[in-house]
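Fit chain G to the given chain R structure using the hints.
Protein chains: 2
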Amino acid sequence: MEDNNTIRLRVFSLNCWGIRYLSKHRLERYSMIGELLSREQHDIVLLQEVWSEKDFLGLKRELSSSHPYSHYFKSGVIGSGLATFARHQIHDAFLYRYSLNGYPYMAHHGDWFGGKAVGVVILKIGGLTANVYVTHLHAEYSRDKDSYLPHRVVQVWELQQFIRHTSGGADMVILGGDLNMHPQDLGTRLLRTSTGLLDSYTETAKFDGCEGGITLIAENPFINPKELGPFEKGVRIDYIMYKGSGRVSLRCVSLATTKGSVPGHPFPYSDHELLTAELELQMITQHTEGNRTREELDRNAAKLAELVDMVTEARTEVKVGLHCVERMRYTAARTGVMGLALLLLELAIGAVPWLALGANQPFPRTSFYLLGALCFAILLTAFLLYVFYTMEQKSLQGAEDQMRLAVGSLQERLKEFPPTHALNSLRRPSDDLDLCPLEPEE
Amino acid sequence: MEDNNTIRLRVFSLNCWGIRYLSKHRLERYSMIGELLSREQHDIVLLQEVWSEKDFLGLKRELSSSHPYSHYFKSGVIGSGLATFARHQIHDAFLYRYSLNGYPYMAHHGDWFGGKAVGVVILKIGGLTANVYVTHLHAEYSRDKDSYLPHRVVQVWELQQFIRHTSGGADMVILGGDLNMHPQDLGTRLLRTSTGLLDSYTETAKFDGCEGGITLIAENPFINPKELGPFEKGVRIDYIMYKGSGRVSLRCVSLATTKGSVPGHPFPYSDHELLTAELELQMITQHTEGNRTREELDRNAAKLAELVDMVTEARTEVKVGLHCVERMRYTAARTGVMGLALLLLELAIGAVPWLALGANQPFPRTSFYLLGALCFAILLTAFLLYVFYTMEQKSLQGAEDQMRLAVGSLQERLKEFPPTHALNSLRRPSDDLDLCPLEPEE
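Residue numbers (the working numbering), protein chains in the order written: chain R, 1 to 442; chain G, 443 to 884.
Okay, chain R solo, but in the shape it has when bound:
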């Protein structure tokens, strides 16, 4: 698999749909996945929705010889659902929990309990440092009325921040996961442009899978086609992305996805299709430190301008979220005040018969206590919601502040673009990592 100067890496990503007691044929599907992985021996396996640690441990046992290294990321109430298996040693692991992730009272959506996050494991592959990221963003339950959009935009913002800031020392970056976003959605574009990650579907030399690379498809028997809305055939929301560095160039040789069924099995691996990308690493032995061409500079300037637009668009989305949360916070506060007023009113009415305890009560004692309990419940719920919405507001404001800072910094760099023509070539590649990487890929 390796020659003198090139290494081939096979990367696997799958949303396993592993909800205990709820996901159909869970155990059978895990055994199919385990069998596939131990047969195919991908170098890097990135799994999402492995909600039960027991299932992870089962896979770990099964893959102990094919994939001796693994890490399971714990987070939230149920877990993050993120797991990695590797044939190369994992030297370090780190988890970033997204600051926003739905609402605990939307229990039927369940995202909040999952503690959505991005995990990174650091591998050494042929003497090179690979930062391998796995993530799963908040689900999109309705495309027309997507109340979670600001949360997902903040998640993608934090994701790109995390990748950019933690990959400074890496020779290559690989990201796999279920982004719950279409390729042309703001979040996907922002992620690609700000980190410089390349989408294996658009970059691959060879593709085998459904038309358009869709990974949530109508033909999958676990999918209710109605949920796909206007996208009759399906949508592409699972990705494998990658980028090299000044030391390594990376290209995608092939990408394959399943098509809703598995030969010899009555059902597919999951409700999502699985992705397998084959990447080719080529060591860059000679640095071409010459002046960048005018063309390159123009392309970089165009990308920066594009990025400014995207971050501005993301800011607008976050502002919409802020507007909503401010309204909800106000409603919670008002409800709390009403509950308190009702309680005080009740106490005032009850005060006189209370003093004459033995007399025939004008305010029936049962109703008195029931009403009191109700007022208290309203007060408590309103208080908890108020605290929760305040935290949501703080996270949204924090993301917006960071975005404003980024737009300012980008615009300044954009202004300086033509005169820095000569200077640019003096920069080290890592200088380019702040918000727009634009590294030479070959």
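Read the hints as simulated data drawn from the structure, not as lab findings.
Take these hints with a grain of salt, some might be off.
[To be verified] Mimicking EDC-like on lysine to aspartate or glutamate, the simulated pairs with C-alpha atoms at most 16 angstroms apart in a straight line are:
(1) R:K124 with G:E854
(2) G:K502 with R:D401
(3) R:K60 with G:D843
(4) G:K648 with G:E722
(5) R:K259 with R:E280
(6) R:K303 with R:E232
Okay, now just chain G, sitting in the frame of chain R:
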């Protein structure tokens, strides 16, 4: 302040004790702090416990000419309390919220509501990238019976992970903040050894301040000396730390702290003492890429071994925390079950008179409802606590997993130490960043 090849940087850190309505002389103290900062014009200002955004905005207005760049980190319910001001442009900001931070029901301690975190701002200083971190860890309310120790250990673990992973592309790293840990505490040692950060107090050429560099001192009028316990004079829990890189060497020229009073003012700036460190940056123009000496290798091996011990010690602390949370989780579950049993019992007893609604009730209706409400409150509280403890458990387990991985990786590197003598010099500096930096500082 700058000559050809050296730059001097003045870094300021202060826990401002800015709790609205509670902290004494808050506004007067902020005006003193603002006046000091605009007069002294430190390059980098790192503030903690700026709990109110209004106070931050007040400072921002006051420092608009001396410190044109600033960032306020938002988190939790009240905020993270973290703020930075800088004379150099802030290009990017990113926040990591610690996964554990006390308990919401310990409202009198308040840490949970503060959303403790570590913030980083990226500055460009003389063409160099500086990663500047500011943080504030969970308070230590009792040294003998410190129930928050596992939380603080996990926070310091996440802090060192965050610094190590995000500083790969940085030319220099500066950290300021209130760690709430003594210099010889496990957390401080772990932080220093794993990140390679140098403590300005132990490294400085010149020191002006209280004996032992203490920053929470008995002489401060806002301090109750009883809270210092056996440390009669005070403790050192506020730090400025720094490190260079292969491109820049950094040394601490001087460190100064206040001594509990401010000339010309009736009270000090805060209940903590402020720190001012003067750092000298020297560009490394020539790389000494020669083989490392035997001595250096031995020192590195000793440091690695030390780090293994520390991470193992931290793991033990986390395991103690896990043991506690498992007990608390069990108690919450048992209480919930008892509440449910009581509710069912009550319903069963009440069932017969319920059917004969008009008759003289054997179970008084008032008591019936009161008891019902009580059972329901028990059930709800137990459920919320159970969910909270489950999340705490997941975070502790996650940190322990990461620590186990780190110990394994470190031990492996330690084993390989003597034979890699020759190879070592071929490594790039960033290779050394995983868990033990040990960069050449000159």
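Hints and how they fare:
For the suggested pair K124 of chain R and E854 of chain G, the alpha carbons sit about 13 angstroms apart, so the restraint of at most 16 angstroms is met. A threshold of 16 angstroms between alpha carbons decides the hint, and for K502 of chain G with D401 of chain R the separation of about 15 angstroms falls inside it, so the pair holds. With a CA separation close to 15 angstroms, the supplied pair K60 of chain R and D843 of chain G stays within the 16 angstroms bound. This hinted pair checks out: K648 of chain G and E722 of chain G have alpha carbons roughly 13 angstroms apart, not beyond 16 angstroms.
Our distance criterion of 16 angstroms between C-alpha atoms is broken by K259 of chain R and E280 of chain R, whose separation comes to about 25 angstroms. Proximity of K303 of chain R to E232 of chain R is assessed by CA-CA distance (about 33 angstroms); at most 16 angstroms being required, the pair is judged violated.
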